[in-house]
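So the sequence lines, in the order shown, correspond to chains D and E. Residue 7 in the working numbering sits at position 7 of the first sequence; the count goes up by one each step and never skips. One gets the working numbering by counting positions in the second sequence from 1 and adding 1000 to each.
Simulated from the structure, these hints should not be mistaken for lab results. Built from N, CA and C at the ideal position, the CB exists for glycine as well. Among the clues, some could well be false.
Residues from chain E shown here face chain D by an in silico Cβ test under 7 Å; the list is partial [unchecked claim]:
#1 C1105
#2 L1106
#3 G1124
#4 R1171
#5 A1172
#6 R1180
#7 F1252
#8 E1256
Derived DEER-like restraints, expressed as beta-carbon distance ranges [to be verified]:
#9 N177/D with N1148/E: 24 to 32 Å
#10 R1084/E with N177/D: 37 to 45 Å
#11 S298/D with D1036/E: 35 to 43 Å
#12 N136/D with H1068/E: 42 to 50 Å
#13 E167/D with H1068/E: 13 to 21 Å
#14 R1084/E with S298/D: 18 to 26 Å
#15 R306/D with R1003/E: 52 to 60 Å
#16 K229/D with G1019/E: 34 to 42 Å
#17 R1003/E with H349/D: 33 to 41 Å
#18 N136/D with R1231/E: 34 to 42 Å
#19 Q1190/E with Y31/D: 22 to 30 Å
#20 D1036/E with H349/D: 23 to 31 Å
#21 I1152/E with T297/D: 18 to 26 Å
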Amino acid sequence: MKVWHFSEMAYHPAWPELGESYRVIIPSRLYDPKIGADLYDRYLDEWALCDELGINIMTNEHHATATCADSVCTIPMAILARETKKVRLLALGMPIGNRNDPIRVAEEYATIDVISRGRLEMGFVKGVPFEIPPANTNPAELMERFWEAHDLILKAMTSHDGPFNWEGTHFHYRQVNVWPRPWQQPHPPVWMPVGSPGSASEAAARGMTIGVLNTGWVRTPAIYQAYRKTAAETGRPVTLDKLAYMALIGVGDTREEGWRRADQILGYSRTSGIVAPQFMNPPGYASDAQSAQALKTSGAGFRAGRIQSRAGRNIDPRTMSVADAIDAGLVFAGTPDDVYGQLLAFYDHVGGFAHLLMMGQGGLLDHKETVANLTLFSREVLPRLSELA
Amino acid sequence: MHRTEIGDISLETLTAGDGRPLLFLHGGDYFAQHRDFFESLARRWRVMAPRHPGFGGSERPDGFRTVHDLAYLYLDLLDRRDLRDVVLVGSSFGGWIALEMCVRCLQRIGRLVLIDSVGVKFGGREERDIADIYALPSGEHLRRTFFNPARIAPDYSAFSDEEAASIARDRAATALYGWRPYMHNPGLLQWLHRVRVPTLVVWGEKDGIVGPGYGEKLCLSLPDARFELIRQAGHYPQIERPDEVADAVERFVRAEVL
């Protein structure tokens, strides 16, 4: 099993002032660039440490938010491409339905792949609904744009005989000619985060690796099952290396220490969904049936039930305890034995996966604690994972 | 609800009444709240009120992505039915479609009525002529839309799944056609001189989505337009004051226009 360390590079100093929305409408006067620079520095140091610990690196991006100060996932990756030498670099990733220029995405990814000498993994992301206002892309056309951008980027990265023409529904170029060409041939591995069986099938049909985030004990099995089913139907080998799962991980010398770290990392889960309701379901983003339910419940039902205990009880992410989150399969926490045991149980429950996306830093977990968390994990848990997948 | 076939396209359509043809082009939402207005219109004219492609139970061909497609579709409808001297009425987003029709071809259009229409950009790049309805909290959205929201706002919790899905389709289709540029065509203002048809611009006095000042500018930009304010009404005066708006339309249509 490969492990990837992920942090959203949160700007948590602003959190106490944010009220009912941590996204879209929050003024950037709440961001102090001097504090921000120190935060970027430490988060990058933590990723650089991963190169020594044998933990791969994952970045992501969000916009107009204090929960994630990484608004361009390729920028930290570009820094780390040269600062690290061994581990692989997963950007999960680029919201290609929201970005206006897919060619620019191909150029950024290809450049990082070359600088890192072939260590890049490329994520293509649909984006959560509240990413729509910052990009002002048409939510009713988002998935069309996503797939057209996907096709264009891959063609641009794999065409090496001079320009080609692209006059699609959403993107128009007459001289597509991306330099540099990527190091990995034909192109770096492609990932997509998915949260439903339907999107898992779409990824499976194209051989993409899926990153499954925040779906937990109850929702993950059906997603993996859909992937395996469609992969088999489309004649692709069903291998565990196409399946990834994200968990928040707090490990300590004692159970108490591991839980305390997990509790701080859970600041991510407790804040990332705090969004003014009018941005939760832009028209055309979700299916008619989903939007109809949102309408009938004044939006309350739209994302409710996303986090459930094993027994099917709804858990409010804003007040979720470590015990709740372990039960829900979102967190693995405690001693190294505890973490391994929880991971193994989850692994067996969902039918296996070859990538663990480890949120080893989140929320308020400070630099010293993050280093201790990652180091202990790499020493006491990581070696045991070679037996899996 | 009837259906109207325009070539291969089938639209859910309300048709009622006799006499001179009146084509009503609806706005982005609240189609079901138009019953009283349609009844009032149907006592005077032969009313056709199609649900635009992608809205409610009307299909949207894949190539339909802009308001221009809707304008050509309804011009086609007038041609195919050989309708003449049509009273064309457009509300909000439907007003934009009506304007796009009129800058193209006036042959079959005898009168134009614009009710709290969008479609034109008057202000500078940092001025918001039309409220960003997608960024408004739901309560404020309602207060800006209706003079008396409590009387009009539907109780969606009582809707069937099918009714609610129909509203979801209305909203998704509005976004599809109107998201960016937001509810307007940047080039339309320069062609409004082509709307050489007697026009009535009707506006809800308390419209908080697109204010009466916008309506006055629109009126001044059209070659042959007059302005009428409807008291105690918001963005959809025909919903809040159905008879008053229908009376205003009738006075305008009957009047000798110079």
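To see whether the hints hold, each was checked on the structure:
1. C1105: Because about 27 Å separates C1105/E from the closest Cβ in chain D, which is outside the 7 Å limit, the hint is violated.
2. L1106: violated (31 Å)
3. G1124: violated (18 Å)
4. R1171: Where the cut-off is 7 Å and the nearest Cβ of chain D is about 4 Å from R1171/E, the hint holds.
5. A1172: holds (4 Å)
6. R1180: Since chain D brings a Cβ to about 6 Å from R1180/E, closer than 7 Å, the hint holds.
7. F1252: violated (33 Å)
8. E1256: For E1256/E, the interface hint is violated, since the closest Cβ of chain D sits about 44 Å away, which is over 7 Å.
9. N177/D with N1148/E: 24 to 32 Å: About 60 Å separates the Cβ atoms of N177/D and N1148/E, which means 24 to 32 Å is violated.
10. R1084/E with N177/D: 37 to 45 Å: With Cβ atoms ~55 Å apart, the hint is violated.
11. S298/D with D1036/E: 35 to 43 Å: violated (26 Å)
12. N136/D with H1068/E: 42 to 50 Å: Violated, since N136/D and H1068/E (Cβ atoms, about 21 Å apart) do not stay within the stated range.
13. E167/D with H1068/E: 13 to 21 Å: For H1068/E against E167/D, whose Cβ atoms are near 19 Å apart, the range 13 to 21 Å holds.
14. R1084/E with S298/D: 18 to 26 Å: With a Cβ separation near 47 Å, R1084/E and S298/D fall outside 18 to 26 Å, so the hint is violated.
15. R306/D with R1003/E: 52 to 60 Å: violated (39 Å)
16. K229/D with G1019/E: 34 to 42 Å: violated (60 Å)
17. R1003/E with H349/D: 33 to 41 Å: violated (50 Å)
18. N136/D with R1231/E: 34 to 42 Å: holds (36 Å)
19. Q1190/E with Y31/D: 22 to 30 Å: violated (41 Å)
20. D1036/E with H349/D: 23 to 31 Å: At 57 Å between Cβs, range violated.
21. I1152/E with T297/D: 18 to 26 Å: holds (21 Å)
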